[in-house]
Each structure stands twice: as C-alpha cells, then as structure tokens.
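Asks: Sequence:
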Amino acid sequence: MTLFLGLGIAGIVLLVLSLIFDGVLEGFFGDFLDGLLSLPAIAGFVSMLGFGGAVVLGTTGIGVAGATAVGVLAGLVTGWVVLKLSKALMREQTDATPRSADLVGTAGSVVTAIPASGYGEVLVHLGGQPLKLSAKSTAPLTRGTEVWVEASLSSTSVSVRPVER
1 MTLFLGLGIA GIVLLVLSLI FDGVLEGFFG DFLDGLLSLP AIAGFVSMLG FGGAVVLGTT
61 GIGVAGATAV GVLAGLVTGW VVLKLSKALM REQTDATPRS ADLVGTAGSV VTAIPASGYG
121 EVLVHLGGQP LKLSAKSTAP LTRGTEVWVE ASLSSTSVSV RPVER
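Quick note: the sequence shown uses the working numbering, first residue 1, plus one each step.
Don't read these hints as lab results, they were simulated from the structure. Some hints could be false.
What the hints assert, rightly or not - As a list, the in silico EDC-like pairs of lysine to aspartate or glutamate whose alpha-carbon atoms are at most 20 Å apart:
| no. | residue 1 | residue 2 |
| --- | --- | --- |
| 1 | K136 | E121 |
| 2 | K132 | E150 |
| 3 | K136 | E164 |
| 4 | K87 | D102 |
| 5 | K132 | E121 |
| 6 | K132 | E92 |
| 7 | K132 | E146 |
| 8 | K136 | D102 |
| 9 | K136 | E150 |
Unchecked claim - Listed next, with one range per pair, are the computed distances between beta-carbon atoms:
| no. | residue 1 | residue 2 | range |
| --- | --- | --- | --- |
| 10 | A88 | K132 | 31 to 41 Å |
| 11 | Q129 | T59 | 49 to 59 Å |
| 12 | A10 | D102 | 42 to 52 Å |
Fair warning: this is a prediction, and the values are worked out from it, not measured in the lab. Every residue, glycine too, gets a C-beta built ideally from N, C-alpha and C.
My request is simple: use the sequences and hints to build the entire structure.
Replies: Following this line, the structure appears as structure tokens:
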C-alpha cells in the first residue's frame, strides 16, 4: 500500500514540476518522440498507477499483482486522455493581434478638439476595445464629431476625416 501511495504522490509532484518546467521532456528528445510522451501524461500515468493500485488493494482482495495490473490499466487510460487533451489545447488558435494598420476605416469620435495644424484626440474601437489616439485632420474638428480613420501615422496617432452624412 505504501508503494502505491508513494507512486501517487510522486505523480502529483511530477505534475507540479511539469507546470513549472513546461516542455522540458519535449526539449530533450525533440522530434524523436514526436509528441508521443509529455510530462503531464507521464505524471497522470504514475499518479493513477499509484492511487488506482492503492484503492484496488485496499478495497478488494485480489492482491498486489492484481492491484498493479488495475493501476497500470488506469494509468495508461489517464495518460492517453491527458495526452489527447493537451494536444487539443495546443492546437487551439487565437485571433491575430490587432495592428495599427487595422485602424484604417474604423469609425470614432473626437474627444479633444483637433486644430487645423495640430493634433487632438479621438476614441476608436479596435478588436472590441476602446482606444484613445492622437489624431490630426486637414480641417479643424470639434469635440464629439464623428470621424473615419484615413491613415495610421504611427502606433499612437492617426489621420482622420469627418463622417459625411
């Protein structure tokens, strides 16, 4: 029983280490393993081998060999599930990060008046988030004027024109 519980605890410790040292096993073996093993999958196998064996040994009378067999089977299933879930999570793609060029064509409003030969401020929405930028225009614009972004001058400034209705 002590050996099984020790394996279960060792599996949990290995899982914590895999969270701290993410990708270490894959870094050592590179393309050789081709994703067949991962530290979380090994941790799941060792932990279920230990705890599964301990539960079977404590609740049934099949002995150490039977408990080991059940623990190995439970560990293999757990390791396989962890491996498949981690691969599925690694394949998940996120949206592209918005760039300043994505501002062109967006609507906004003037929050600080824009003089004819200087900069003011506009509020636009990019990727669902409000973004306050320095802005210049060929004509002076007052606060509250609706504008379209014509060009991105830098990462923090744009050229705008008033919306014509």
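Asks: Hint by hint, say whether it matches the structure.
Replies: Against the structure, the hints:
no.	hint	result
1	K136 x E121	holds (8 Å)
2	K132 x E150	holds (16 Å)
3	K136 x E164	holds (17 Å)
4	K87 x D102	violated (32 Å)
5	K132 x E121	holds (7 Å)
6	K132 x E92	violated (31 Å)
7	K132 x E146	holds (14 Å)
8	K136 x D102	holds (18 Å)
9	K136 x E150	holds (10 Å)
10	A88 x K132: 31 to 41 Å	holds (39 Å)
11	Q129 x T59: 49 to 59 Å	holds (54 Å)
12	A10 x D102: 42 to 52 Å	holds (49 Å)
In summary, the structure is inconsistent with hints 4, 6 from the numbered list given earlier, while agreeing with the others.
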